[in-house]
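> For what it's worth, our numbering labels the leading residue of the sequence shown as 1, then goes sequentially.
These aren't lab readings, by the way, just hints derived from the structure by calculation. Fair warning: there could be bad hints in the mix.
[Unchecked claim] Derived pair list, reagent style SDA-like, types lysine to any residue, alpha-carbon separation capped at 20 Å:
1) Lys-289 x Tyr-163
2) Lys-141 x Glu-193
3) Lys-83 x Lys-108
4) Lys-147 x Ala-66
5) Lys-98 x Gly-120
6) Lys-108 x Arg-291
7) Lys-98 x Ser-133
8) Lys-318 x Arg-343
9) Lys-318 x Ala-305
10) Lys-430 x Tyr-388
11) Lys-257 x Asn-285
12) Lys-289 x Glu-278
13) Lys-318 x Arg-297
14) Lys-101 x Ala-59
15) Lys-83 x Asp-51
16) Lys-101 x Met-91
17) Lys-430 x Leu-392
18) Lys-147 x Gly-63
19) Lys-108 x Arg-297
20) Lys-98 x Asn-114
21) Lys-147 x Gly-90
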Amino acid sequence: MASPPTEPAGAAGLECMEGLALDTIISKAGARPAAALACASTHLRAAVDDDALWRRFCAQDLGLDAPLDPDGHPLPSFKDAYKVWLESFGMYPLPLVKRVKLFWSSLKSWLSENFPESLGTLRKGASEAQIRSAEDDLGIKLPMPTKLLYRFCNGQLPFSTNYLENVRMAPLGIIGGYVFYDHSVNVHLSSLEQMVEETNEFYADLNEPGLSNGLNLVLVASSWYNAKSFLLNCSNGELYVGTANLPAGEMMPCVPKSLIKPTNSDMPQDGLLLWLEEHLRRLQNGMIKIRPLRTSRYICLYPEAPPMCTSATTNGVKVRASAVFAPEHHQGMGHALYSYSIRLSVPEACMLGGVYYPSCQLHSRHWIIRCGDRVVSDVHGEGVIGKYPLLLPGQEEFVYESCTPLSGSTGSVEGSFTFVPGRVSRPEGKPFEVMVAPFPLETPEYIF
1 MASPPTEPAG AAGLECMEGL ALDTIISKAG ARPAAALACA STHLRAAVDD
51 DALWRRFCAQ DLGLDAPLDP DGHPLPSFKD AYKVWLESFG MYPLPLVKRV
101 KLFWSSLKSW LSENFPESLG TLRKGASEAQ IRSAEDDLGI KLPMPTKLLY
151 RFCNGQLPFS TNYLENVRMA PLGIIGGYVF YDHSVNVHLS SLEQMVEETN
201 EFYADLNEPG LSNGLNLVLV ASSWYNAKSF LLNCSNGELY VGTANLPAGE
251 MMPCVPKSLI KPTNSDMPQD GLLLWLEEHL RRLQNGMIKI RPLRTSRYIC
301 LYPEAPPMCT SATTNGVKVR ASAVFAPEHH QGMGHALYSY SIRLSVPEAC
351 MLGGVYYPSC QLHSRHWIIR CGDRVVSDVH GEGVIGKYPL LLPGQEEFVY
401 ESCTPLSGST GSVEGSFTFV PGRVSRPEGK PFEVMVAPFP LETPEYIF
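Given these sequences and hints, build the entire structure.
Structural data, given as C-alpha coordinates:
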(Lines of atoms letter the chains of each structure in order from A and count residues from 1; the text may use other names and numbers.)
(Lines give C-alpha, C1' and ligand atoms only; values in the text may rest on other atoms or scores of the structure.)
Protein backbone atom coordinates (compact mmCIF):
# COMPACT_ATOMS: atom_id res chain seq x y z
CA MET A 1 0.00 0.00 0.00
CA ALA A 2 1.38 3.38 -0.99
CA SER A 3 2.43 5.79 1.76
CA PRO A 4 0.40 9.02 2.10
CA PRO A 5 2.06 12.15 0.72
CA THR A 6 4.37 13.91 3.17
CA GLU A 7 3.25 17.35 4.29
CA PRO A 8 5.70 20.23 3.93
CA ALA A 9 7.55 20.91 7.15
CA GLY A 10 5.45 23.03 9.48
CA ALA A 11 2.25 22.60 7.47
CA ALA A 12 0.41 20.92 10.36
CA GLY A 13 1.21 23.86 12.64
CA LEU A 14 -0.22 26.30 10.11
CA GLU A 15 -3.56 24.50 9.86
CA CYS A 16 -4.88 26.26 12.96
CA MET A 17 -3.78 29.72 11.87
CA GLU A 18 -5.95 32.28 10.12
CA GLY A 19 -5.88 35.76 8.60
CA LEU A 20 -2.94 38.13 8.90
CA ALA A 21 -0.73 35.78 10.93
CA LEU A 22 -0.99 33.00 8.31
CA ASP A 23 -0.60 35.48 5.47
CA THR A 24 2.55 36.96 7.06
CA ILE A 25 4.19 33.57 7.57
CA ILE A 26 3.48 32.39 4.02
CA SER A 27 4.66 35.72 2.64
CA LYS A 28 7.97 35.49 4.49
CA ALA A 29 8.43 31.86 3.46
CA GLY A 30 8.62 32.80 -0.23
CA ALA A 31 7.00 31.68 -3.46
CA ARG A 32 8.36 28.15 -3.74
CA PRO A 33 7.46 27.09 -0.15
CA ALA A 34 4.06 28.72 -0.65
CA ALA A 35 3.42 26.59 -3.73
CA ALA A 36 4.37 23.48 -1.75
CA LEU A 37 2.01 24.43 1.09
CA ALA A 38 -0.87 24.64 -1.37
CA CYS A 39 -0.60 20.86 -1.77
CA ALA A 40 -0.89 20.22 1.97
CA SER A 41 -4.56 20.96 2.63
CA THR A 42 -7.65 22.75 1.40
CA HIS A 43 -7.21 25.37 4.13
CA LEU A 44 -3.63 26.22 3.10
CA ARG A 45 -4.49 26.07 -0.60
CA ALA A 46 -7.11 28.76 -0.08
CA ALA A 47 -4.59 30.94 1.77
CA VAL A 48 -1.93 30.49 -0.91
CA ASP A 49 -4.40 31.23 -3.70
CA ASP A 50 -4.84 34.82 -2.47
CA ASP A 51 -3.59 36.94 -5.40
CA ALA A 52 -2.48 39.71 -3.02
CA LEU A 53 0.15 37.26 -1.80
CA TRP A 54 1.40 36.63 -5.36
CA ARG A 55 1.39 40.35 -6.05
CA ARG A 56 4.00 40.67 -3.26
CA PHE A 57 6.00 37.72 -4.62
CA CYS A 58 5.98 39.22 -8.12
CA ALA A 59 7.14 42.60 -6.82
CA GLN A 60 9.75 41.13 -4.48
CA ASP A 61 11.27 38.50 -6.77
CA LEU A 62 10.67 39.91 -10.25
CA GLY A 63 10.00 43.63 -9.92
CA LEU A 64 6.55 43.21 -11.48
CA ASP A 65 3.84 45.71 -10.59
CA ALA A 66 1.24 44.25 -12.98
CA PRO A 67 0.37 40.65 -13.99
CA LEU A 68 2.25 40.58 -17.30
CA ASP A 69 4.18 37.87 -19.11
CA PRO A 70 7.82 38.46 -20.21
CA ASP A 71 6.57 39.93 -23.50
CA GLY A 72 4.36 42.46 -21.70
CA HIS A 73 1.06 40.71 -22.38
CA PRO A 74 -1.55 40.81 -19.57
CA LEU A 75 -2.31 37.64 -17.58
CA PRO A 76 -5.37 36.82 -15.43
CA SER A 77 -3.56 37.01 -12.09
CA PHE A 78 -0.23 37.63 -10.36
CA LYS A 79 -0.08 33.92 -9.56
CA ASP A 80 -0.25 33.13 -13.27
CA ALA A 81 2.39 35.77 -13.94
CA TYR A 82 4.78 34.29 -11.38
CA LYS A 83 4.31 30.84 -12.87
CA VAL A 84 4.96 32.02 -16.44
CA TRP A 85 8.08 33.97 -15.42
CA LEU A 86 9.40 31.01 -13.45
CA GLU A 87 8.88 28.71 -16.42
CA SER A 88 10.73 31.15 -18.67
CA PHE A 89 13.57 32.25 -16.34
CA GLY A 90 13.71 29.55 -13.66
CA MET A 91 17.20 28.48 -14.82
CA TYR A 92 18.59 31.87 -13.68
CA PRO A 93 18.88 33.33 -10.15
CA LEU A 94 15.74 35.44 -9.68
CA PRO A 95 17.63 38.41 -8.15
CA LEU A 96 19.67 38.58 -11.36
CA VAL A 97 16.52 38.30 -13.48
CA LYS A 98 15.00 41.20 -11.52
CA ARG A 99 18.18 43.27 -11.90
CA VAL A 100 18.42 42.80 -15.68
CA LYS A 101 14.69 43.37 -16.10
CA LEU A 102 15.00 46.63 -14.13
CA PHE A 103 17.90 47.76 -16.32
CA TRP A 104 16.01 47.24 -19.56
CA SER A 105 12.73 48.71 -18.32
CA SER A 106 14.59 51.79 -16.98
CA LEU A 107 16.58 52.28 -20.20
CA LYS A 108 13.49 51.89 -22.36
CA SER A 109 11.64 54.38 -20.19
CA TRP A 110 14.49 56.90 -20.55
CA LEU A 111 14.68 56.37 -24.32
CA SER A 112 10.91 56.68 -24.67
CA GLU A 113 11.00 60.08 -23.00
CA ASN A 114 14.26 61.43 -24.42
CA PHE A 115 15.25 59.50 -27.55
CA PRO A 116 12.29 57.54 -29.01
CA GLU A 117 13.96 57.17 -32.41
CA SER A 118 16.61 54.98 -30.74
CA LEU A 119 14.02 53.04 -28.74
CA GLY A 120 12.59 51.88 -32.05
CA THR A 121 15.85 50.10 -32.90
CA LEU A 122 15.69 47.73 -29.90
CA ARG A 123 14.78 44.16 -30.76
CA LYS A 124 12.55 41.68 -29.00
CA GLY A 125 14.32 39.40 -26.52
CA ALA A 126 16.03 36.25 -27.78
CA SER A 127 14.94 32.75 -26.78
CA GLU A 128 17.12 30.24 -24.98
CA ALA A 129 17.28 28.28 -28.26
CA GLN A 130 18.59 31.35 -30.12
CA ILE A 131 21.24 31.93 -27.44
CA ARG A 132 22.36 28.28 -27.58
CA SER A 133 22.56 28.52 -31.37
CA ALA A 134 24.75 31.64 -31.13
CA GLU A 135 26.98 29.92 -28.56
CA ASP A 136 27.32 26.91 -30.88
CA ASP A 137 28.26 29.18 -33.79
CA LEU A 138 30.81 31.01 -31.63
CA GLY A 139 32.14 27.92 -29.90
CA ILE A 140 31.95 29.97 -26.69
CA LYS A 141 29.55 29.92 -23.72
CA LEU A 142 28.24 33.36 -22.85
CA PRO A 143 28.28 34.52 -19.20
CA MET A 144 24.95 34.22 -17.39
CA PRO A 145 24.33 37.99 -17.07
CA THR A 146 24.97 38.47 -20.80
CA LYS A 147 22.54 35.68 -21.64
CA LEU A 148 19.90 37.38 -19.54
CA LEU A 149 20.57 40.75 -21.18
CA TYR A 150 19.85 39.12 -24.54
CA ARG A 151 16.82 37.25 -23.21
CA PHE A 152 15.19 40.62 -22.52
CA CYS A 153 16.51 42.42 -25.63
CA ASN A 154 18.40 41.00 -28.60
CA GLY A 155 20.48 44.13 -29.12
CA GLN A 156 19.68 46.70 -31.79
CA LEU A 157 18.52 46.30 -35.36
CA PRO A 158 21.50 45.28 -37.50
CA PHE A 159 22.87 47.33 -40.37
CA SER A 160 22.16 46.17 -43.89
CA THR A 161 23.33 46.64 -47.47
CA ASN A 162 21.06 49.70 -47.79
CA TYR A 163 23.49 52.60 -47.39
CA LEU A 164 20.86 55.32 -46.93
CA GLU A 165 19.08 53.28 -44.25
CA ASN A 166 22.41 52.71 -42.50
CA VAL A 167 23.08 56.47 -42.55
CA ARG A 168 19.70 57.01 -40.87
CA MET A 169 20.38 54.29 -38.29
CA ALA A 170 24.00 55.15 -37.54
CA PRO A 171 23.43 57.96 -34.95
CA LEU A 172 20.88 55.89 -33.00
CA GLY A 173 23.24 53.69 -30.97
CA ILE A 174 22.11 53.30 -27.37
CA ILE A 175 25.71 53.78 -26.18
CA GLY A 176 26.22 56.90 -28.30
CA GLY A 177 29.45 58.56 -29.29
CA TYR A 178 31.19 61.75 -30.37
CA VAL A 179 32.10 63.71 -33.48
CA PHE A 180 35.18 65.82 -34.16
CA TYR A 181 36.36 66.94 -37.57
CA ASP A 182 35.67 64.00 -39.92
CA HIS A 183 35.78 61.39 -37.15
CA SER A 184 32.36 60.06 -36.11
CA VAL A 185 31.75 57.31 -33.57
CA ASN A 186 28.38 55.99 -32.46
CA VAL A 187 28.19 52.64 -30.68
CA HIS A 188 25.30 50.20 -31.07
CA LEU A 189 24.64 47.12 -28.93
CA SER A 190 25.09 44.12 -31.22
CA SER A 191 22.34 41.59 -31.85
CA LEU A 192 23.25 37.91 -31.40
CA GLU A 193 23.48 37.51 -35.17
CA GLN A 194 25.78 40.52 -35.47
CA MET A 195 27.82 39.29 -32.50
CA VAL A 196 28.51 35.98 -34.28
CA GLU A 197 29.36 37.65 -37.60
CA GLU A 198 31.64 40.37 -36.19
CA THR A 199 33.35 38.05 -33.70
CA ASN A 200 34.28 35.70 -36.52
CA GLU A 201 35.55 38.68 -38.54
CA PHE A 202 37.62 39.82 -35.55
CA TYR A 203 39.38 36.48 -35.25
CA ALA A 204 39.91 36.31 -39.03
CA ASP A 205 41.52 39.78 -39.04
CA LEU A 206 44.00 39.16 -36.21
CA ASN A 207 47.56 39.71 -37.43
CA GLU A 208 48.73 36.68 -35.46
CA PRO A 209 46.17 33.85 -35.66
CA GLY A 210 47.67 32.29 -32.54
CA LEU A 211 46.45 35.25 -30.50
CA SER A 212 42.94 33.82 -30.60
CA ASN A 213 43.89 30.76 -28.56
CA GLY A 214 41.98 30.75 -25.29
CA LEU A 215 40.75 34.35 -25.58
CA ASN A 216 37.02 33.48 -25.51
CA LEU A 217 36.23 36.99 -26.73
CA VAL A 218 32.93 38.01 -28.34
CA LEU A 219 32.21 41.38 -29.93
CA VAL A 220 29.18 42.88 -28.15
CA ALA A 221 29.05 46.49 -29.39
CA SER A 222 30.47 48.46 -32.30
CA SER A 223 30.25 51.65 -34.37
CA TRP A 224 29.11 51.77 -38.00
CA TYR A 225 30.98 55.03 -38.70
CA ASN A 226 34.66 54.97 -37.76
CA ALA A 227 35.50 51.63 -36.20
CA LYS A 228 35.21 51.19 -32.45
CA SER A 229 34.66 47.77 -30.91
CA PHE A 230 33.84 46.39 -27.46
CA LEU A 231 34.68 42.78 -26.66
CA LEU A 232 33.56 40.63 -23.73
CA ASN A 233 35.88 37.97 -22.30
CA CYS A 234 33.47 35.11 -21.63
CA SER A 235 35.97 33.33 -19.36
CA ASN A 236 36.36 36.05 -16.71
CA GLY A 237 33.52 38.46 -17.58
CA GLU A 238 35.84 41.42 -18.31
CA LEU A 239 34.87 43.93 -20.99
CA TYR A 240 37.46 45.50 -23.29
CA VAL A 241 37.56 48.20 -25.94
CA GLY A 242 39.77 47.84 -28.98
CA THR A 243 42.61 50.30 -29.64
CA ALA A 244 44.15 51.36 -32.95
CA ASN A 245 46.18 48.14 -32.67
CA LEU A 246 43.19 45.84 -32.27
CA PRO A 247 44.31 43.63 -35.20
CA ALA A 248 47.40 42.88 -33.08
CA GLY A 249 45.15 42.03 -30.13
CA GLU A 250 45.60 45.31 -28.21
CA MET A 251 42.64 46.17 -25.98
CA MET A 252 41.95 48.20 -22.87
CA PRO A 253 39.66 47.27 -19.95
CA CYS A 254 36.63 49.55 -19.87
CA VAL A 255 35.08 48.44 -16.56
CA PRO A 256 36.96 48.42 -13.21
CA LYS A 257 38.18 44.86 -12.75
CA SER A 258 37.58 45.07 -8.99
CA LEU A 259 33.82 45.30 -9.59
CA ILE A 260 33.56 42.08 -11.59
CA LYS A 261 32.86 39.32 -9.10
CA PRO A 262 33.33 35.61 -9.89
CA THR A 263 30.18 33.76 -10.89
CA ASN A 264 30.06 31.91 -7.55
CA SER A 265 29.45 35.18 -5.65
CA ASP A 266 26.09 36.20 -4.26
CA MET A 267 25.16 38.01 -7.51
CA PRO A 268 26.60 36.84 -10.84
CA GLN A 269 27.62 39.83 -12.95
CA ASP A 270 29.97 40.57 -15.81
CA GLY A 271 31.54 43.57 -17.44
CA LEU A 272 28.78 44.04 -20.01
CA LEU A 273 26.03 44.30 -17.39
CA LEU A 274 28.09 46.67 -15.19
CA TRP A 275 28.98 48.80 -18.23
CA LEU A 276 25.39 49.13 -19.38
CA GLU A 277 24.16 49.93 -15.87
CA GLU A 278 26.79 52.68 -15.49
CA HIS A 279 25.81 54.08 -18.88
CA LEU A 280 22.16 54.21 -17.78
CA ARG A 281 23.11 56.02 -14.56
CA ARG A 282 24.92 58.69 -16.61
CA LEU A 283 21.89 59.15 -18.83
CA GLN A 284 19.54 59.39 -15.86
CA ASN A 285 21.63 61.88 -13.88
CA GLY A 286 22.29 64.13 -16.88
CA MET A 287 26.03 63.48 -17.11
CA ILE A 288 25.48 62.78 -20.81
CA LYS A 289 22.62 64.07 -22.95
CA ILE A 290 20.98 64.02 -26.36
CA ARG A 291 22.59 66.46 -28.81
CA PRO A 292 21.71 67.42 -32.40
CA LEU A 293 23.80 65.92 -35.18
CA ARG A 294 23.19 67.41 -38.62
CA THR A 295 19.61 66.32 -39.42
CA SER A 296 19.46 63.76 -36.61
CA ARG A 297 20.18 63.45 -32.88
CA TYR A 298 22.46 61.21 -30.85
CA ILE A 299 23.58 60.32 -27.33
CA CYS A 300 26.58 62.60 -26.87
CA LEU A 301 29.37 61.24 -24.64
CA TYR A 302 31.02 64.58 -23.86
CA PRO A 303 30.29 65.05 -20.13
CA GLU A 304 27.75 67.72 -19.23
CA ALA A 305 28.24 67.93 -15.45
CA PRO A 306 31.13 68.50 -13.02
CA PRO A 307 33.76 67.42 -12.27
CA MET A 308 34.37 66.21 -15.85
CA CYS A 309 32.67 69.27 -17.34
CA THR A 310 33.94 72.67 -16.17
CA SER A 311 32.24 76.04 -16.43
CA ALA A 312 33.41 79.66 -16.22
CA THR A 313 31.68 82.98 -16.94
CA THR A 314 33.53 86.18 -17.82
CA ASN A 315 31.69 89.45 -18.55
CA GLY A 316 28.54 87.44 -19.18
CA VAL A 317 30.15 84.99 -21.63
CA LYS A 318 29.85 81.41 -20.37
CA VAL A 319 32.25 78.65 -21.45
CA ARG A 320 31.60 74.99 -20.67
CA ALA A 321 34.27 72.44 -21.56
CA SER A 322 34.79 68.68 -21.30
CA ALA A 323 36.71 65.90 -23.01
CA VAL A 324 36.34 62.23 -23.94
CA PHE A 325 39.04 59.61 -24.34
CA ALA A 326 39.12 58.11 -27.85
CA PRO A 327 40.52 54.58 -27.35
CA GLU A 328 40.24 53.71 -31.04
CA HIS A 329 43.17 56.09 -31.60
CA HIS A 330 45.25 54.78 -28.67
CA GLN A 331 48.68 53.74 -29.95
CA GLY A 332 50.12 52.13 -26.83
CA MET A 333 53.13 53.36 -24.85
CA GLY A 334 51.02 56.21 -23.43
CA HIS A 335 50.13 57.82 -26.77
CA ALA A 336 46.47 58.76 -26.37
CA LEU A 337 44.00 61.01 -28.15
CA TYR A 338 41.32 63.09 -26.47
CA SER A 339 38.50 64.97 -28.09
CA TYR A 340 37.13 68.02 -26.33
CA SER A 341 33.85 69.89 -26.65
CA ILE A 342 33.58 73.64 -26.05
CA ARG A 343 30.19 75.31 -25.52
CA LEU A 344 29.94 79.11 -25.70
CA SER A 345 26.92 81.21 -24.74
CA VAL A 346 25.71 84.50 -23.28
CA PRO A 347 22.91 83.36 -20.93
CA GLU A 348 21.74 86.88 -20.01
CA ALA A 349 23.89 89.79 -21.21
CA CYS A 350 27.42 90.72 -22.25
CA MET A 351 28.61 93.37 -19.78
CA LEU A 352 31.99 95.10 -19.89
CA GLY A 353 32.90 97.89 -17.48
CA GLY A 354 29.24 98.35 -16.59
CA VAL A 355 28.28 98.75 -20.26
CA TYR A 356 25.77 96.39 -21.90
CA TYR A 357 26.51 95.11 -25.41
CA PRO A 358 23.85 93.44 -27.59
CA SER A 359 26.38 90.96 -29.01
CA CYS A 360 30.00 89.85 -28.90
CA GLN A 361 32.10 87.88 -31.33
CA LEU A 362 34.99 85.48 -30.81
CA HIS A 363 38.21 86.64 -32.42
CA SER A 364 41.02 84.36 -31.17
CA ARG A 365 41.91 81.54 -28.79
CA HIS A 366 44.76 80.58 -26.46
CA TRP A 367 45.19 76.97 -25.28
CA ILE A 368 47.57 75.57 -22.67
CA ILE A 369 47.75 71.78 -22.64
CA ARG A 370 49.54 69.95 -19.85
CA CYS A 371 50.70 66.37 -19.46
CA GLY A 372 50.91 65.95 -15.72
CA ASP A 373 52.55 69.19 -14.53
CA ARG A 374 54.44 69.76 -17.78
CA VAL A 375 53.20 72.18 -20.46
CA VAL A 376 53.28 70.29 -23.76
CA SER A 377 51.45 72.81 -25.93
CA ASP A 378 50.88 76.58 -25.75
CA VAL A 379 48.85 77.62 -28.79
CA HIS A 380 47.53 80.98 -30.00
CA GLY A 381 45.30 81.22 -33.06
CA GLU A 382 42.42 83.05 -34.67
CA GLY A 383 38.86 81.72 -34.53
CA VAL A 384 37.84 78.17 -33.66
CA ILE A 385 37.74 75.43 -36.31
CA GLY A 386 37.77 78.24 -38.89
CA LYS A 387 34.76 80.02 -37.39
CA TYR A 388 34.20 83.27 -35.51
CA PRO A 389 30.93 82.70 -33.62
CA LEU A 390 28.73 85.70 -32.88
CA LEU A 391 27.00 85.33 -29.51
CA LEU A 392 23.67 86.94 -28.66
CA PRO A 393 21.99 86.89 -25.23
CA GLY A 394 19.66 83.93 -24.69
CA GLN A 395 20.65 82.06 -27.85
CA GLU A 396 21.55 78.36 -27.80
CA GLU A 397 25.17 77.49 -27.11
CA PHE A 398 27.66 77.57 -29.94
CA VAL A 399 29.29 74.13 -29.75
CA TYR A 400 32.44 72.91 -31.41
CA GLU A 401 34.72 69.91 -31.00
CA SER A 402 38.43 69.43 -31.53
CA CYS A 403 41.10 67.00 -30.36
CA THR A 404 44.58 66.82 -28.89
CA PRO A 405 47.13 64.00 -28.49
CA LEU A 406 48.72 63.31 -25.12
CA SER A 407 51.87 61.32 -24.44
CA GLY A 408 50.93 60.46 -20.84
CA SER A 409 47.96 58.98 -19.03
CA THR A 410 46.67 62.22 -17.47
CA GLY A 411 46.67 65.89 -18.38
CA SER A 412 44.53 69.00 -18.59
CA VAL A 413 43.50 71.83 -20.89
CA GLU A 414 42.89 75.45 -19.98
CA GLY A 415 42.99 78.76 -21.79
CA SER A 416 40.99 81.75 -22.92
CA PHE A 417 39.13 83.29 -25.83
CA THR A 418 39.41 86.89 -26.97
CA PHE A 419 36.02 88.42 -27.69
CA VAL A 420 35.13 91.74 -29.31
CA PRO A 421 32.02 93.63 -28.13
CA GLY A 422 29.64 93.95 -31.06
CA ARG A 423 31.26 92.36 -34.11
CA VAL A 424 34.84 91.81 -35.24
CA SER A 425 34.09 93.89 -38.37
CA ARG A 426 32.45 96.63 -36.29
CA PRO A 427 33.76 96.60 -32.70
CA GLU A 428 31.80 98.58 -30.10
CA GLY A 429 34.43 98.42 -27.36
CA LYS A 430 37.79 97.01 -26.38
CA PRO A 431 38.54 93.27 -26.79
CA PHE A 432 38.27 91.23 -23.59
CA GLU A 433 39.49 87.83 -22.41
CA VAL A 434 37.04 85.04 -21.54
CA MET A 435 38.51 82.32 -19.35
CA VAL A 436 38.21 78.58 -19.95
CA ALA A 437 38.30 76.71 -16.63
CA PRO A 438 40.82 73.80 -16.68
CA PHE A 439 39.24 70.49 -17.65
CA PRO A 440 40.85 67.05 -17.29
CA LEU A 441 42.30 64.70 -19.88
CA GLU A 442 42.43 61.25 -18.34
CA THR A 443 41.72 57.63 -19.10
CA PRO A 444 38.43 56.98 -17.28
CA GLU A 445 37.54 53.93 -15.19
CA TYR A 446 34.58 53.28 -17.50
CA ILE A 447 35.29 53.71 -21.21
CA PHE A 448 32.34 54.18 -23.55
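> For each hint, tell me whether it holds in the structure or not.
Consistency of the hints with the structure:
1. Lys-289 x Tyr-163: With a Cα-Cα distance of about 27 Å, the restraint between Lys-289 and Tyr-163 is violated, given a limit of 20 Å.
2. Lys-141 x Glu-193: 15 Å, holds
3. Lys-83 x Lys-108: 25 Å, violated
4. Lys-147 x Ala-66: Violated, because 25 Å separates the two Cα atoms, which is more than 20 Å.
5. Lys-98 x Gly-120: 23 Å, violated
6. Lys-108 x Arg-291: Judged against 20 Å, a Cα distance of about 18 Å means the pair holds.
7. Lys-98 x Ser-133: 25 Å, violated
8. Lys-318 x Arg-343: 8 Å, holds
9. Lys-318 x Ala-305: Cα-Cα ~14 Å, so holds.
10. Lys-430 x Tyr-388: 17 Å, holds
11. Lys-257 x Asn-285: The given pair, whose Cα atoms are some 24 Å apart, is violated under the 20 Å limit.
12. Lys-289 x Glu-278: 14 Å, holds
13. Lys-318 x Arg-297: The given pair, whose Cα atoms are some 24 Å apart, is violated under the 20 Å limit.
14. Lys-101 x Ala-59: Holds, at about 12 Å.
15. Lys-83 x Asp-51: Holds: Lys-83 and Asp-51 sit about 12 Å apart, inside 20 Å.
16. Lys-101 x Met-91: Holds, at about 15 Å.
17. Lys-430 x Leu-392: 17 Å, holds
18. Lys-147 x Gly-63: The given pair, whose Cα atoms are some 19 Å apart, holds under the 20 Å limit.
19. Lys-108 x Arg-297: Within the cut-off at roughly 17 Å; holds.
20. Lys-98 x Asn-114: It is violated: about 24 Å lies between the C-alpha atoms, which goes past 20 Å.
21. Lys-147 x Gly-90: Roughly 13 Å separates the two Cα atoms, so the pair holds.
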